[in-house]
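Keeping their order, the protein sequence lines are chains H and Y. Residue numbering for the first sequence is 1 to 130, as defined by our numbering. Residue numbering for the second sequence is 1 to 659, as defined by our numbering.
These are calculated hints, taken from the structure and not from any lab test. For clarity, every value in this text was computed on a predicted model and none was experimentally measured. Do not take every clue at face value.
[Unchecked claim] Output of the computed footprint for chain Y on chain H, the stretches with three or more beta carbons under 8 Å from beta carbons of chain Y:
{"#": "1", "region": "22–34"}
{"#": "2", "region": "37–47"}
{"#": "3", "region": "75–87"}
{"#": "4", "region": "102–116"}
Glycine residues also receive a C-beta, built at the ideal position from the N, C-alpha and C atoms.
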Amino acid sequence: MSPTERVRVTVGLTPAGSEALTKVMSTKWFATEMDAYKVAIAVALRSEINVDQPLVGVTTKFNMGSLDPDGKLVALIDSVFGARAGDPGALAERLAEQGLGIMATKLLDHEERLTDVLGIPSDSPSSPES
Amino acid sequence: MKLRRLTMENFGPYVGKHEIDLDVPSSTPVILVHGENGRGKTSIYNAIRWCLYQTTTDRQGRERSTHSLMSYDALDIGEYFMGVTLEFEHDGDEYQLERHVQAARRPASDAALTFQTSLRQDGHFVPGEEIADRIANILHPSIARFFLFDAEMLSQYEALVDEPGRDTELVRNSIERILGLPALQLMQADLRTLRTAAEAKQLTTVKATKRHDSLVAKIQQSQDALAAIDGDLQSLQDLAQQAEAERSAVSDELRQFIDVQADVRELESVEEQERQEVEAEKRALEQVKVMLAAGWWAPMVAPVRERLAAARAAIAAATANIQADATDRFLIHLLEHAAEHDRCDICEQAIAGPTRGKLVSRLEELHARLKTANDQHQALAGGVKAQDALQAFDDADLLSRLRQGEVDVRRSRLRQHTLANRGDELRRRLRDHPKAEISSLEHRLNLAGERIRTLQAKTAERRLDRAQQASELQGLQKELQKLPGADPRTSTEFAIYSALDGVFEEALSDFRSQLRIDVQDEASAIFRELRTEQGYAGLRINDQFGLQVVDLNDRVIGEISAGYSQIVALSLVGALNRCATRVGPVVMDTPFGRLDVGHRERILRFIPSLAHQVILLVQSGELDRDRDLRYLAGKVGRELTIQRVSHQSSRIEATGVEA
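Construct the entire structure; sequences and hints are all you get.
In structure tokens form, the structure reads like this:
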């Protein structure tokens with residue numbers, strides 16, 4: 001994190017991200033938007049996408065303290081990005097924006113299974129289609 | 001009763017066997033037995049009494065022991081046996097009564113004696129237990145005093161002249177027995193028994209009638225209850241038939257919708273299943289939501305595990321390198337020390353020449369490796385840090401649960417979809433049919449079925465009631481059949497017996513009075529025949545058969561002599577014999593002892609008419625054969641004399657008329 005960058009205490013989404021969040025919530029897999037938001041961060045982390053570009057037009061959605069009360073979110077980001085993490089809040093915001101987009105596309109547009117979207121191997125013999 | 005023969009053996013003064021023939025014709029009824037005082041006249045009297053009743057009394061009226069009757073002479077010679085046989089006739093039957101006693105040694109009491117009695121009637125033995133009753137029936141002990149007359153025991157006859165006292169009841173009973181009253185009393189008793197039986201029967205009938213009425217009422221109630229139950233059953237049956245008809249009608253109506261009925265039921269089932277699946281989906285989805293809220297990092301589990309593996313590998317490599325570095329440092333220390341002193345501290349050999357060159361080369365090599373040691377420590381720290389951070393996200397079970405949760409949700413949604421499709425299909429098929437009407441009909445059908453089942457249960461219940469009621473009724477009817485019928489004869493019978501009892505009681509009282517009057521008249525007639533005092537007009541007999549002498553003015557003479565008491569007693573004995581239903585012999589022991597010559601003559605003249613058999617046991621002081629026998633002229637059937645054998649033994653000899 002550069003000395004000029006300020007540590008983020010809130011995170012949000014761009015309109016596109018918000019739209020993606022709405023779509024994801026429509027799948028009814030998530031109890032709250034915050035849950036979807038955090039899952040989207042994990043999806044994005046897993047996708048190893050480029051999050052170097054800062055977001056424009058972000059609307060605050062959550063307080064970082066509420067989003068990550070136990071610090072696990074920051075810890076995970078740090079474990080992936082290490083010294084590159086910089087401001088974990090900012091990084092989380094960009095990850096969520098990207099992750100929600102992925103999820104919305106896969107869940108709704110591609111009608112992929114949740115576990116597929118989450119990257120959980122579908123090796124279960126109890127699959128309904130099987 | 002008429003005596004035939006008396007046989008005595010070792011009885012009183014009669015040692016050995018002694019027979020007295022007593023059989024005399026009625027025309028000559030008198031048997032005279034002469035004997036002086038102490039010879040054995042009373043022993044003959046006692047022998048007859050003892051043989052008849054196994055008892056006799058002394059002159060004071062006390063019962064004598066049997067062993068005291070045994071001959072002393074016989075006992076002295078060791079003959080501990082005594083026997084008396086009395087042969088007699090009664091009511092055309094011949095009897096032989098034998099009574100014996102035997103002792104093992106000279107008896108000091110009756111306890112030492114063995115008694116044996118036998119009675120033969122026309123040659124046939126009478127059972128031992130019946131002997132006493134049979135004898136009593138012939139000559140009851142209570143009336144014996146009037147036949148076995150002992151003038152020396154006058155006191156018992158004088159009692160008859162006394163005012164009614166303690167013994168009057170006994171006397172009266174005895175006299176009434178002679179007169180045959182007990183037979184009538186027995187008849188009355190029998191009559192009363194019959195009346196009591198009739199009364200009991202009547203009571204039973206009355207009770208039975210009451211029970212009958214009660215049973216009839218109960219039967220009526222039971223029949224009413226049964227009829228009510230039958231009515232209920234009929235109603236239930238009617239209602240069941242109505243319900244059955246309803247069900248049948250509805251079934252017929254439904255039959256036209258039979259094809260769609262199944263669809264209706266399936267649609268209802270499908271809709272229900274849909275509702276259930278929605279709920280199932282909600283539950284499964286909720287679980288997934290909970291899992292995602294807590295395990296939002298699930299997508300990172302796989303990368304985290306890879307990173308963890310890398311971190312662990314880095315830690316392992318760094319650790320290995322650090323250990324190698326430590327070993328190198330130790331070697332450097334040893335090699336530098338050896339190089340400095342040209343001597344090996346381990347093997348203590350000198351280092352020189354080419355060896356030293358190798359050592360220097362080795363030291364350089366080791367120092368070169370040490371240059372990367374810091375990097376190894378940094379790598380170890382980095383690895384440990386990464387491992388610590390990533391371990392919190394290593395949860396393979398979360399993935400498994402999430403996967404199962406999604407499967408459950410998707411499966412439920414798939415089922416819902418399938419059900420929805422089926423529902424749509426069914427709804428399409430039912431679109432043109434009156435589902436509401438079918439449902440209504442089905443509802444009515446169910447109601448009818450339910451009603452039928454209820455009615456069947458009630459019918460079964462009432463049938464049980466009916467069976468119970470019918471059983472109860474049957475029991476009552478059986479009981480009624482067992483009851484004796486209301487027989488009007490029972491009350492008539494009781495009335496007749498009651499009336500007869502009353503009549504009999506009155507007749508008995510009259511008969512008793514009449515007998516008393518008859519006895520009184522006869523006794524008075526005899527008394528007048530026997531008396532010498534003309535002032536004594538006659539006898540009066542009261543209700544208790546108490547005797548009183550009355551004068552010419554019918555006044556009771558208060559005080560009479562002992563001789564007149566004897567005459568009064570003889571008058572009564574004569575009167576009783578004349579009035580008695582049962583005639584018997586009269587045995588008179590010392591009958592004239594208290595009588596003066598005038599009375600003796602009169603009595604001697606009277607005696608042949610006293611009974612059909614009269615045994616007079618007399619001593620010379622009271623009867624002089626030459627002087628007095630003429631008064632009995634032609635009436636003596638047999639005359640015997642007791643002869644002295646020793647001071648305590650006698651024998652009997654026929655001395656006069658033989659019958």
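Here is how each hint holds up against the structure:
1. 22–34: Per the Cβ count (5), the hint holds.
2. 37–47: holds (count 7)
3. 75–87: holds (count 5)
4. 102–116: holds (count 3)
The structure is consistent with each of the numbered hints, conforming to all of them.
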